[in-house]
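Undergrad: Count the sequence shown with our numbering and you get residues 1 to 297, in order.
Possibly wrong hints are sitting among the right ones.
[To be verified] Below, a list of computed lysine to aspartate or glutamate pairs in the EDC-like style, where the Cα atoms sit at most 20 Å apart:
| id | residue 1 | residue 2 |
| --- | --- | --- |
| 1 | 185 | 223 |
| 2 | 56 | 39 |
| 3 | 160 | 191 |
| 4 | 232 | 172 |
| 5 | 214 | 162 |
| 6 | 80 | 102 |
These are computed hints drawn from the structure, not numbers from a lab. Values in this document were obtained by computation on a predicted structure and should not be read as measured data.
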Amino acid sequence: ESKRFAPMKAMVVAPAIQALELAEKAGASGYEVVALVSDFSIDNCRLNAMLGTYSKIEHLQDTCEPTVIFVSGQVPEGIKQSLAKNAFESGIQLYVLPSLYEIMLAKSRLDQVDDMPVLEIGVRPEPGKEQMKRLMDICFAAVGLVVAAPIMLITAIAIKLDSPGPVFYRQERVSQGGKCFMVWKFRTMTDGAEKNTGPVLSQDDDPRVTRVGKILRAMRIDELPQLWNVLKGDMSIVGPRPERPFFVEQFEKEIPEYSTRHTVKAGITGLAQIAGKYSTSPEDKLKYDLLYAKSAS
Numbered sequence: 001e002s003k004r005f006a007p008m009k010a011m012v013v014a015p016a017i018q019a020l021e022l023a024e025k026a027g028a029s030g031y032e033v034v035a036l037v038s039d040f041s042i043d044n045c046r047l048n049a050m051l052g053t054y055s056k057i058e059h060l061q062d063t064c065e066p067t068v069i070f071v072s073g074q075v076p077e078g079i080k081q082s083l084a085k086n087a088f089e090s091g092i093q094l095y096v097l098p099s100l101y102e103i104m105l106a107k108s109r110l111d112q113v114d115d116m117p118v119l120e121i122g123v124r125p126e127p128g129k130e131q132m133k134r135l136m137d138i139c140f141a142a143v144g145l146v147v148a149a150p151i152m153l154i155t156a157i158a159i160k161l162d163s164p165g166p167v168f169y170r171q172e173r174v175s176q177g178g179k180c181f182m183v184w185k186f187r188t189m190t191d192g193a194e195k196n197t198g199p200v201l202s203q204d205d206d207p208r209v210t211r212v213g214k215i216l217r218a219m220r221i222d223e224l225p226q227l228w229n230v231l232k233g234d235m236s237i238v239g240p241r242p243e244r245p246f247f248v249e250q251f252e253k254e255i256p257e258y259s260t261r262h263t264v265k266a267g268i269t270g271l272a273q274i275a276g277k278y279s280t281s282p283e284d285k286l287k288y289d290l291l292y293a294k295s296a297s
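Go ahead and model the full structure; you've got the sequences and the hints to work with.
TA: Here is the structure:
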């Protein structure tokens with residue numbers, strides 16, 4: 001392989017608990033991880049990379065000469081500032097995996113108090129924006145229901161032939177302002193999938209998913225009935241995916257910032273669905289939801 005097309009050398013800086021996962025994701029994205037830096041030494045590392053602690057960052061950078069550095073938002077502030085200064089001066093690409101606080105800072109409005117620069121955190125209301133989005137939702141949902149009608153009919157027949165149970169599935173979800181509503185979906189799991197287990201989050205290759213259900217999920221056809229929810233005003237076409245009250249309560253205990261996703265109306269699809277996967281962690285999905293809430297046009 002010619003040097004021109006050789007993978008970019010990357011250094012990963014993250015707490016040990018997160019470092020290997022981050023390095024593996026960087027490797028899967030085509031980077032050659034040449035150095036792994038964490039808060040304490042990592043044993044039994046499967047990667048062919050130089051290892052070291054935070055105190056060895058400069059030495060490893062000089063030795064491995066990475067062109068890209070991935071740094072976790074959980075790394076101490078002083079180290080992030082030093083890496084940012086170095087990247088700013090040297091031209092090295094620096095990618096920060098932002099914490100939720102840093103996501104809140106992203107795309108904030110720069111203002112001034114006397115002679116001090118300040119950042120305004122929060123979603124500033126824009127006159128007419130909600131009304132325009134609602135009008136677009138009604139138009140898209142109405143046209144979408146007409147266009148998708150033949151697909152929905154074929155889907156309904158396929159679900160009936162594949163497994164016993166109803167075609168549609170109704171479930172309570174949480175939207176803007178913590179308000180609950182009933183969401184409509186095509187049934188993709190066996191009837192009564194949670195009868196004995198109670199609420200369980202869906203995963204990749206979930207054994208409860210039917211044969212037709214796998215196809216519907218892969219093509220996102222199971223979400224088409226939610227165009228009716230959009231028409232009613234429960235949801236928007238684009239917004240954070242609505243979650244069940246049981247999991248909202250659970251996530252809010254684990255992630256204090258979780259309720260911030262309810263500042264905008266829930267959607268059929270959102271930034272987290274485009275950029276993430278079924279198995280993406282709730283915290284990472286929340287980061288995308290916050291970015292959308294702050295930057296939606």
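Undergrad: It remains to establish, for every hint, whether it holds in the given structure.
TA: Hint check:
no. : hint      : in the structure
1   : 185 x 223 : holds, 5 Å
2   : 56 x 39   : holds, 10 Å
3   : 160 x 191 : holds, 11 Å
4   : 232 x 172 : holds, 15 Å
5   : 214 x 162 : holds, 12 Å
6   : 80 x 102  : holds, 12 Å
Consistency note: the structure conflicts with none of the earlier hints.
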